[in-house]
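Colleague: Which chain is which? The protein sequence lines are A and B, in order.
Residues in the first sequence are numbered from 1 upward in steps of one, following the numbering used here.
Residues in the second sequence are numbered from 112 upward in steps of one, following the numbering used here.
Certain hints may be false.
Unchecked claim - Per label pair, the in silico range of CB-to-CB distance:
1. B:Arg-125 to A:Gly-83: 37 to 45 angstroms
2. B:Gln-161 to A:Leu-19: 24 to 32 angstroms
3. B:Ser-169 to A:Glu-17: 40 to 48 angstroms
4. A:Thr-108 to B:Pro-181: 37 to 45 angstroms
Claimed, not checked - To spell it out: a stretch of chain A is covered by chain B in this simulated footprint if at least three of its residues, at any positions, have a beta carbon under 8 angstroms from a beta carbon of chain B; those stretches are:
5. 28-42
6. 93-99
Said to hold, decoys possible - Here are the computed lysine-lysine pairs in the PhoX-like style, where the Cα-Cα straight-line distance is at most 25 angstroms:
7. B:Lys-155 to B:Lys-173
8. A:Lys-68 to A:Lys-1
9. B:Lys-182 to A:Lys-42
10. B:Lys-182 to A:Lys-1
11. B:Lys-162 to B:Lys-173
12. A:Lys-1 to B:Lys-138
13. B:Lys-182 to B:Lys-138
14. A:Lys-42 to B:Lys-138
It should be emphasised that the hints constitute simulated quantities derived from the structure, not laboratory data.
Nothing here was measured: the structure is a model prediction, and the numbers come from that model.
Just so it is clear, CB atoms sit at the ideal spot from N, CA and C, and this is done for glycine as well.
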Amino acid sequence: KQEVTQIPAALSVPEGENLVLNCSFTDSAIYNLQWFRQDPGKGLTSLLLIQSSQREQTSGRLNASLDKSSGRSTLYIAASQPGDSATYLCAVRQTGNQFYFGTGTSLTVIP
Amino acid sequence: NAGVMQNPRHLVRRRGQEARLRCSPMKGHSHVYWYRQLPEEGLKFMVYLQKENIIDESGMPKERFSAEFPKEGPSILRIQQVVRGDSAAYFCASFGTDGYSPLHFGNGTRLTVT
C-alpha cells in the first residue's frame, strides 16, 4: 500500500527566506502528485498539480518538482511571507482513482 | 464556476441524533470523496462515490455511517446516532473524468456532538 511521508512535520522560518518542503512516497506507480495548503479551520486549497510525465510545475513564488523514480517531490517557496503560514500537504493519485495524503508540514513564517 | 460546496459549515448535534452533511461537487465533476479530519491530525479517507455508485467505502465505519451520491442532487454523508467521537471536520472533494484533473476540496462541515 502507498505510504506518503512529509518531513519536517513543522518548520519555522524568518520572513524572506527561501524554503523547501519534502514529500516522499513508497510506490512510484502514480498518475500525478498534488500540493495543497490548508489554513486553520478551512479546507484544502490546491496549489500545484504535477503529472507523472512532468518534472516540475511553477506558480508564482511556488515551484514543485517530481522525481517519480526515487519517490520524491519538493515544494519550493521563494521569498517567504507571513501569509504563507499554513499546513502544506501533498497527495498522490494512483490507479482506481485512489488518493494518498501525507500528514503535512506546518509552516510558520515569522515577520 | 463555483467550487465544491458543503453545507452546513457548522453542525451541532446531541448524542443519539442524526447528522446529514451535504456536498455539491464542482460543475461537471462526477467523482466525490469524503474525508474526516480530527484536530491536529491528518485527513482520513472515508468513502469514494461516483454518480449512483459507491466505489470504495473501505474507510467508513461499518455501522451508523452511510453515503450516497444520487443521479440528481448533492452527495450526502449520513451519521446515525452520533457519539462524541464523531466530532470532527468532514471534507468533501471532487474531480472530473479527465485523468489530469486536480482534486478540489470544499471548506468542510464541522460537526460537534454534545
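Colleague: All the hints need checking, so say for each whether the structure fits it.
Modeller: Hint check results:
no., hint, result
1, B:Arg-125 to A:Gly-83: 37 to 45 angstroms, "holds, 39 angstroms"
2, B:Gln-161 to A:Leu-19: 24 to 32 angstroms, "violated, 38 angstroms"
3, B:Ser-169 to A:Glu-17: 40 to 48 angstroms, "holds, 41 angstroms"
4, A:Thr-108 to B:Pro-181: 37 to 45 angstroms, "holds, 43 angstroms"
5, 28-42, "holds (count 6)"
6, 93-99, "holds (count 5)"
7, B:Lys-155 to B:Lys-173, "holds, 15 angstroms"
8, A:Lys-68 to A:Lys-1, "holds, 16 angstroms"
9, B:Lys-182 to A:Lys-42, "violated, 28 angstroms"
10, B:Lys-182 to A:Lys-1, "violated, 32 angstroms"
11, B:Lys-162 to B:Lys-173, "holds, 21 angstroms"
12, A:Lys-1 to B:Lys-138, "violated, 32 angstroms"
13, B:Lys-182 to B:Lys-138, "holds, 14 angstroms"
14, A:Lys-42 to B:Lys-138, "holds, 21 angstroms"
The structure fails hints 2, 9, 10 and 12 (numbered hints given earlier, in ascending order).
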